[in-house]
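Participant: Here are the chains, one letter per residue:
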Amino acid sequence: MHIRDTSSLVTGASRGLGRALAGRLAAAGSRVVMVAREAGPLERAAAEIRAAGGTAHAIAADVGDKHAIHPLAGQAAALVGPIDILINNASTLGPTPLRLLLDTECEDLERALAVNLVGPFRLSKVVAGSMALRGRGIVVNLSSDAAVEPYATWGAYAASKAALDQLSRVWAAELAEHRVRVLAVDPGEMDTRMHADAIPDADRSTLADPDAVARRIVAMIEAEQLAPTGARLVAPSFEVEALL
Amino acid sequence: MTRAHPTPLRPPPTAAQEPRDRPISPPASLPRARPAPPAIPWPLPVPDDRPVQWGRGAREERGDVRLLAVDTRHGRLLDRAAADLPELLLPGDLVVLNDAATLPASLSGRAPSGAPIEIRLAGPAGERGRWPAVLFGAGDWHMRTEDRPPPERLAPGDRIRLGDEPGAADRDALTAEIASVSPISPRLVELDFDRAGARLLAALYRHGRPVQYSHQDRDLALWSVQTAFAGPPWAVEMPSAGRPLSWQILAGLRRRGVELAWLTHAAGLSSTGDAALDAALPLPEQYDIPRATAHAVHRAAAEGRRVIAVGTTVVRALEGAARSGRWAGGAGTTDLVLDAGSVIRVVDGVVTGVHAPGESHYRLLGAFAPPALLDAAWRHARARGYLQHELGDLCLFAPGLAGAEPAVSAPRPTAARP
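If you're matching them up, the sequences are chains A and B in order. The numbering of the first sequence is our numbering, which starts it at 4 and goes up by one. The numbering of the second sequence is our numbering, which starts it at 8 and goes up by one.
No wet-lab data here; the hints were simulated from the structure. Built from N, CA and C at the ideal position, the CB exists for glycine as well. Take the hints with a grain of salt, since some may be wrong.
Facing chain A, from chain B, some residues (calculated, C-beta under 10 Å) [unchecked claim]:
(1) L110
(2) P111
(3) P131
(4) R213
(5) A228
(6) Q233
(7) P239
(8) P240
(9) R261
(10) R262
Can you build the whole structure from these sequences, using the hints too?
Facilitator: Laid out in structure tokens, this is it:
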């Protein structure tokens, strides 16, 4: 999909990968709506993108709150038009330091599912109907290698991301006839606050710059042949240089 | 656009035609996955004093919606379900949907005197960012609009505070200034809000709730008043004919070879309880017809394929655009009111709710079906307990129905039916 003159909705956009994706999409000519819970950092991030010449709007909302979804989608479509690119990036790890499953409160698992799985489902359901009618659009669900590998203490997050991966595949199967693409993307380990919360003693020099990962994800959105619908892509191994 | 219909749209039901128009029951020997309901004799003899009531409830699930199919060419009525729509239409038909999402257009607040007041936005902002709105006095949707006390009479410059719950921070309140008052009614005004853009939208979505009426029995959530393909939030009441159309049905239409197209039409308020204002409804409504949709309508017309509008809003947008000569598509405003005397230029059939005589939607249907057939459909719907209103059942008016022809009554798939 050509990104120029599209409308994008990015969740978890106040910092980290979401912030970088919003900036990259705006730089490529998309009108971007940025969503995060905290209005202050989100407004500042949107202002930075506008200062760089992009079109960016901020909507403070919690994607884990079912009452927030229709207002969020309605405001976004009013601001930038029907959404062409939906990036379900917002995630919660749950309480940190991360805990063994035997020490995980049931409510914390429920919250991880609400934000990381049900929230993206609700938002996709509201946004992708319009995409399907128009025969145009892409949904990108941010995954994790924790969806595949059984890392101790990552249980709640891992279960939510594994379910999101499978949901992405079924979305892709159902939406293919309406020419709407759905991708699951594992961005790899990045130098973000979420990573620091999860693994405080990580060697930051080994972590990827979120902006470099965002550039790869934007390339995936553009290059349908290399990132066909239903694919689960791992950003660090996605060959993008030839495209840029 | 001037279009000659390939076949007469409205054959007058004359006595001479009656033998030919009599419904033909499908032969019992034809294989069927499930028995098709028989065609209903027309006109249906329902005495006026028969003690039947219109259904006034709500269909909670889109898939439960019934559909009364009215063949306007052959004068047939068929009891079907919304899920049967793909089988009733023909490959090549062009179905045009209204993709407007529904705003939470009702906001409660205080008039300058402190008296309670409700505003119902009547459409999206027009020129100079002013929002048309209708004022209501004390009370809420539980009360019939015609029973509501009139609002305080307001003049340009007066300010209304909205969403001003006790204990809320001052910054939470939204202020609207009366910019103008309509000569039609002092309750029809234009509003200037104290903010614009993303901040105004955030306030409207925080304080607003869907417009609804006293025939409902519970608060409607915002998600209850959206179609499954909604995009831009232009409508102040749900474009309700599209609500029963699940993606199971829409995908079924595409697989059948029915083309889908869309426009955005700012469906307005259906009732205000103010006699002068209600007489003026529908107010002029904004629409936007994508270029691709205008082309699709052109192609369908050129190839003799039918255009089926989902909802009276789509009829008004397409016919309004046809009358304005705006056939490359684009944005416009229409105050078109259609009735039995109207010449229909673009639309061949319509999917709509169940409408009673006296309603403007019923009069609009007069442009698609002769009075006797409309009357028969209404009596039949009433006798069979079809549900009225925005969360009710559907009618399809179309010249020729695939499901009504014994020759094409192939076995129907049943596996995917929820």
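Participant: Run every hint past the structure and note whether it holds.
Facilitator: Verification of the supplied hints:
With its C-beta approaching chain A no nearer than about 7 Å, L110 (chain B) sits inside the 10 Å limit, and its interface hint holds. Hint status for P111 (chain B): holds, given a least beta-carbon distance of 8 Å to chain A, under 10 Å. Interface restraint check for P131 (chain B): the shortest CB-CB distance to chain A comes to about 8 Å, inside 10 Å, so the restraint holds. Satisfaction of the interface hint for R213 (chain B) is found here, the shortest Cβ-Cβ separation to chain A being roughly 7 Å, below the 10 Å cut-off.
The interface hint given for A228 (chain B) holds, since its Cβ lies 8 Å from the closest Cβ of chain A, which is under the 10 Å cut-off. The interface hint given for Q233 (chain B) holds, since its Cβ lies 7 Å from the closest Cβ of chain A, which is under the 10 Å cut-off. Checking P239 (chain B) against chain A by beta carbon gives a least distance of about 5 Å; that is within 10 Å, so the hint holds. Of the supplied interface hints, the one on P240 (chain B) holds, with its beta-carbon coming within about 4 Å of a beta-carbon of chain A, less than 10 Å.
Taking 10 Å as the C-beta cut-off, the interface hint given for R261 (chain B) holds, the closest approach to chain A being about 7 Å. Annotation: interface hint on R262 (chain B) holds; nearest CB of chain A at approximately 8 Å, less than 10 Å.
Of the hints listed earlier, there is not a single one the structure fails to meet.
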